Amino acid sequence: MTTTKNIYFTKNHEWVLLLEDNTARMGITQYATEQLGDIVFVEVPELSSETAMEEEIATVESVKSASEIYAPLSGTVTSVNEELEDSPELVNEAPYEAGWLAEIHYTDTDEISQLMNQSAYDAYVKELKEEEGQ
Amino acid sequence: MSVIADLKKTPLYEYYRENQVKLVDFGGWALPIQFTGIIEEHAAVRNDAGLFDVSHMGEIWVEGSEATSYLNRLMTNNIAAIKENQAQYNAICKENGGTLDDLIVFKLSQESYLVTPNAANTDKVFDWMNQHLGEEEVTIKNDSAEMGLLALQGPKAAVILNKLTSEDLDDIKPYHFKAHATVADIENVLISRTGYTGEDGFELYLDVDKVEELWEKILSVGTEEGLKPCGLGSRDTLRLEAGLSLYGHELSEDISPIEGGIGFAVKIKKSDAFIGQQELKRQRSEGIERCIRGFELVDKGIAREDYPIYSEDGKEIGYVTSGTKSPTLNKSIGLAMVDYPYSQLGTTIYVGVRKKKVAANIIATPFYKR
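Chains as they are written, first to last, in our numbering: chain A, 1 to 134; chain B, 1001 to 1370.
Don't read these hints as lab results, they were simulated from the structure. Fair warning: this is a prediction, and the values are worked out from it, not measured in the lab. Any given hint could be a false lead.
What the hints assert, rightly or not - Which stretches of chain A does chain B cover? Using the computed rule of at least three CB atoms under 8 Å from a CB of chain B, they are: (1) 35–41; (2) 59–65.
Said to hold, decoys possible - Here are some, though not all, of the chain B residues that point toward chain A, as calculated from beta-carbon distances under 7 Å: (3) G1037; (4) I1038; (5) I1039; (6) G1233; (7) T1237; (8) I1302; (9) R1304; (10) T1324; (11) K1325.
Stated by the list, open to error - With a straight-line cut-off of 20 Å between C-alpha atoms, the simulated EDC-like cross-links for lysine to aspartate or glutamate are: (12) A:K11 with A:E34; (13) B:K1357 with A:E68; (14) B:K1356 with A:E56; (15) B:K1355 with A:E55; (16) B:K1210 with B:E1014.
Beta carbons are placed, not taken as given, at the ideal position from N, Cα and C, and that holds for glycine.
I would like the entire structure built from these sequences, with the hints used as guidance.
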């Protein structure tokens, strides 16, 4: 996976990678894909739509269920991964790379401080896995 | 969040823990949704074979000289019409026609039947059977905790089972069974040519203490045939492709078997009167207001349980009872309870998928036929 200082995570298991010019790319984490199982349909966000942090932005569907995906940051959707329409399995295969969902031009840089960094997210997932193992 | 260890356990529970199979709360039972992946397991059953632990299903023995007439009074199908070693799909109804459960009845003899309710309904059905026991010469025994059940399903099921038994499997026709068979040196196995996947296959009822042994033996001889262990996720997608109703979805105490898509198991004219007969007879003669139908999405999306269904002019006309992306057909399919005027094949309906209305067509079931 991507090992960069510029990646952040939400409690709902979205990742967001800060690019240049206040643009961020987002997707769902490896842990999220493991929980969902085989992904068979992705409803990507609408291009140019405005979104607020933690607002529903996309839907990822496995054979079994539909899961809402929430915007990690407020802003405008500037790009969506159109490959997912025909190849939703990319989200399972490469959740941090070819399986990205959208890019957002974010407006409020303060929001980033509300997200988890890599080590905080790793610890969060470890805790969840321990709970599951009971 | 429920703690898995507190749930009811099938005889494979320790096996699942040792093999680190992820378990979920399935109606109070600790069971796997998948071993490796729903799509892979689904494909294994369609192309080769799959093995399911369905030991959570109930087993109730009904025995005695009046067992046949007693069961015929409770069940909607004609129990008197089946022969020894034959199985029959049935509904058990309340007076108002609502479905208490759907189940299979196995006739071992004129005086001995095995009835297999859904796991979540077993206690309810057992209580109902006791409540409706009059002066009849019948004994009822709930053996669910002592009996386990494995389902071996798929085109290679017979080839695999044949390696483990000297029984002539060709003699066991669909919806027939052989009791007291020996499989993998395990005695007293009931081999039934039934299933819930739309494929050929067998269901093997046996002593709970022998389930793990049989599970491992079937897997060891089946792997070279492409056999895979399968979880409840693929069981659901397989039954949905086969257009089979599932209790709690297409059937419930508020849905009659005629409405719920299993009218073929209702025999109004059989010689014994049965509970729910009057209402079911009325539904047959006067018609029903709603019914379960299959549909296929025309536009992109996936229909899920409880999504609303609309007519062309925007009227709400029903709801989705089951829906998925069919792994075999690669189409979005589902079953829905729709108002009768909209149930004709070819009718265009609209499924409310979040903020959108997605067009769909009513089509014939099964969606998939082997």
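Hints, one by one, checked against the model:
1. Three residues within the 8 Å Cβ limit are the bar, and the region 35–41 of chain A against chain B gives 4, so the coverage statement holds.
2. Interface restraint, the region 59–65 of chain A with chain B: holds (6 residues with C-beta to C-beta distance below 8 Å; minimum three).
3. Below 7 Å, beta-carbon pairs count as interface contacts, and G1037 of chain B has one with chain A at about 5 Å; its hint therefore holds.
4. The beta carbon of I1038 of chain B comes within 5 Å of a beta carbon in chain A, closer than 7 Å, and the hint placing it at the interface holds.
5. Look at I1039 of chain B: its Cβ gets to within about 5 Å of chain A, closer than 7 Å, so that hint holds up.
6. Checking G1233 of chain B against chain A: minimum C-beta separation of about 5 Å stays under 7 Å; hint holds.
7. A cut of 7 Å between beta carbons decides the hint on T1237 of chain B: the least distance to chain A is about 6 Å, and the hint holds.
8. A distance limit of 7 Å between C-beta atoms decides the matter here; for I1302 of chain B the minimum to chain A is near 5 Å, and the interface restraint holds.
9. Using the Cβ-Cβ criterion of 7 Å, the hint placing R1304 of chain B at the interface with chain A is satisfied: the shortest such distance is roughly 6 Å.
10. Interface hint at T1324 of chain B: satisfied, since its Cβ lies 6 Å from the closest Cβ of chain A, which is below the 7 Å cut-off.
11. Given hint, K1325 of chain B at the interface with chain A, holds; its Cβ is 4 Å from that chain's nearest Cβ, closer than 7 Å.
12. Taken as a hint, the K11 of chain A and E34 of chain A pair is honoured in the structure, with Cα atoms around 15 Å apart against an allowance of 20 Å.
13. About 18 Å separates the Cα atoms of K1357 of chain B and E68 of chain A, which keeps this hinted pair within 20 Å; it holds.
14. For the suggested pair K1356 of chain B and E56 of chain A, the alpha carbons sit about 15 Å apart, so the restraint of at most 20 Å is met.
15. Between K1355 of chain B and E55 of chain A, the direct Cα distance comes to roughly 14 Å. Compliance with the 20 Å bound is thereby established for this hinted pair.
16. Taking the CA atoms of K1210 of chain B and E1014 of chain B, the gap is about 13 Å. The hint holds against a cut of 20 Å.
This entry satisfies every hint, going by the numbered hints stated previously.
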